[in-house]
Amino acid sequence: MFTAVGRWCARRPKRVVAAWLLLLAAALAAVGVLGSVTTEAVSIPGSDSQAARDLGDEAFPGSASGRQPLVLHTAADGPLLTSPASTEAVKQAAAAIARVDHVVAVTTPYGPDGAKAISADGRTGYLSVELDVTGREITPGITDRITAAAAPATAAGIEVTPGGFLAAAVDKGSTGHSEAIGLAAAFVVLALTFGGLVAAGLPLLAGGLGLGISLPVLGLVGHLVDMPSSGETIAAMIGLGVGIDYTLFGLTRFRELLAAGVGREEAAVRTTAGSGKAVAFAGSAVIAALAGLALGGIPLLYALALAPGIAVLVAVGINLTLLPAVLVLLGPRLAARPRRGAKAEQAGPRGWGRIAEVVAARPWRCLIAATLLVGALALPAAQLAFGQLDAGSNATGSASRTAYDRLATAFGPGINGTLQVTDTLATPAEGLTDDRVTAVTRALQTTPGVAAAGQPQLSTDKHSVRWQVTPTTAPSDPATADLVDRLRGETLPAAAGRGDTVHVGGTPAAQADLNDRLARRMPLVVGFVLAIAGLLLLLAFRAPVVAVKAAVMNLVSVGAAYGVLTAVFQQGHGAGLLGLDGPVPIPGYVPLLMFAVLFGLSMDYEVFLLTAVRTAYLRHRDNRRAVVEGLGGTGRIISSAALIMVSVFLSYLLSDDPVVKMFGIGLATAVALDATVVRGILVPSTMVLLGRGNWWLPRRLDALLPHIDIEGDGTEEPSAAAAEPAAAEPGAAEPGAAEPAAVAERTDAERTALPTAAGAP
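When the letters of the sequence shown are read in order and numbered with this note's numbering, they come out as residues 1 to 761.
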């Protein structure tokens, strides 16, 4: 199949290139017409907060997005908001805002509840704006028109700052500078690796094209599902990294074949049949790991898994179809030039080859040293706790941060995360003096941690009642989550009786429910991803020990990444260097999504390294020699690919979004460790110690497993060396166990393929 696809594309290169350019133009045109939609709203089906939200929307119909604040503030030398001139200016601004498209109603701070909408010093207040569009449909244009309509207030010396979804729309900054920096860093690495500008530019073009298609597609998907803005950024990070890496592996293989005298068309076909097949396997592993997030049972996880999944799928498609076409078109321009110092390299192993020999000679020392290093990095992960982010963690100077700080200073931190308590009455209430309503109101007002509980609001049919509760603490403060638990477990059952009619909602409650759901589902997701990774590796290499060990090694990389994440963000070590004011909470979905992504990415390097080791072992049956040859042959290409990936991830630290920074640090740390300490020391040292036990395969399992060659292109010739028996090694298979079928049958085992993974020099 892969040979057929590669040959079809290699014989029609111009058509294939034109088709991809047409697809790019179509994606850009569609998103230009329909717009790109993202939202920060979170729904948790079956949760108490979702029940409160659904009841509120049904019993108290109003704006589609709720009330969005427009914060008013005057400087110390400016007029008070309560002055006649300011009052008139604010009312004029409110009237103008009410005429803006999509605005349903505007509430001024001078109504019946005016005392609550203006601070005690008279310098801070807010307008409440209701719109007929949902939070994800609020665009920067809508926010700009609303703030522009507030010109009468601005002219009177009043600063107007949007908050809530209005601020989120304008704060959604572009990550174009991050992508540009990542591409520049990747170009330097590729130029050093290939020694030519054309060869160095091809992976960048492939990665850029994948980005240009996948991001508009995600913008369109946002019309159908709730796609957070961080989802697009994560997709850009992963898509750009794997797009460049996958092309790097294929291009390296193509240059090898050209150097061996293979014609350009045949070389392109064999590249697709070999490296392309390995890339398809690795990409499928990434997508399969992301699919495990569906077990979380939360739409947010579906979206965050879908975003990078689409980016990886596009990258694989480009590698399998566009790459062979471009390889044929460019041909000799991509050929490798003779490298200086090649004679010196023949005198003995250098670089990763020398490292491989050192590891093989001292496996126990290397294993212990690497384990101590990774263990030290992973140690802070023992204190990892899921938390809540709020606008107080956003970049200083952003609209959301400015509005948050001014409201918190004027009305207390809880104003930025009010709770909604709803109740369904068995019989219609006679009024606000109803016994049950009065009891709940009194209980809410006297609960520790509650700064204020508003007057109850009855629905038109008087069967539902709602209270707005303002905590004394900020939304991200753990005390706010404790308050939610106290209201649900003690206050409300005592006042209204135990049942399923009283619910606590609002953003802090939804975030608390999200973290609780993630904590409960995380073992299931982790177990699924581990099982999928192990199964795929077992199918690929027909070696249970190798598959289990690879899964464990991936856990090591993830644990170290969690440790660094905890130390930097939760504990605040070095947070200032990242542009943060101090420690910030880590949302529960960040570690979970990072786990799935890292397991998928680690599979790439695991596949390329183990393919090289297995190919060498099947030729001469010498495990130690196979490990040295495999690491020596793939170390340089894997480290180059990892360096590109790390450069791309670190470039996103320039983003103002703390979540994006978390992914940048966590993914960069894990990939760097995975390509050096894990693949360069831990994996080879354990393989040397296990000896032929690496390749042990029970006879029954041997009969059940299909024969899958994920790297070979079917053109290698049998090797005489494979037919020679090898001396027994420590860790040989036990009596009654089968060798890998490929060894026993001497099919793939007797090839003379280069002892490298796909694309390794």
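Hints in this document: simulated from the structure, not taken from any laboratory. Careful: at least some of the hints might be erroneous.
Cβ pair distances, simulated, as ranges [said to hold, decoys possible]:
#1 Leu24 x Leu577: 33 to 39 angstroms
#2 Ala180 x Ala479: 48 to 54 angstroms
#3 Leu205 x Arg11: 17 to 23 angstroms
#4 Arg11 x Leu539: 41 to 47 angstroms
#5 Leu539 x Arg67: 51 to 57 angstroms
#6 Ser83 x Glu430: 39 to 45 angstroms
#7 Leu24 x Ser83: 52 to 58 angstroms
Ideal Cβ placement from N, Cα and C applies to all residues, glycine included.
Verification of the supplied hints:
1. Leu24 x Leu577: 33 to 39 angstroms: Holds, since Leu24 and Leu577 (Cβ atoms, about 37 angstroms apart) stay within the stated range.
2. Ala180 x Ala479: 48 to 54 angstroms: 42 angstroms, violated
3. Leu205 x Arg11: 17 to 23 angstroms: 21 angstroms, holds
4. Arg11 x Leu539: 41 to 47 angstroms: Hint violated: Cβ distance 32 angstroms, outside 41 to 47 angstroms.
5. Leu539 x Arg67: 51 to 57 angstroms: Check passed, 54 angstroms falls within 51 to 57 angstroms.
6. Ser83 x Glu430: 39 to 45 angstroms: 42 angstroms, holds
7. Leu24 x Ser83: 52 to 58 angstroms: 56 angstroms, holds
Violation of the numbered hints given earlier is confined to hints 2, 4; the remaining hints are satisfied by the structure.
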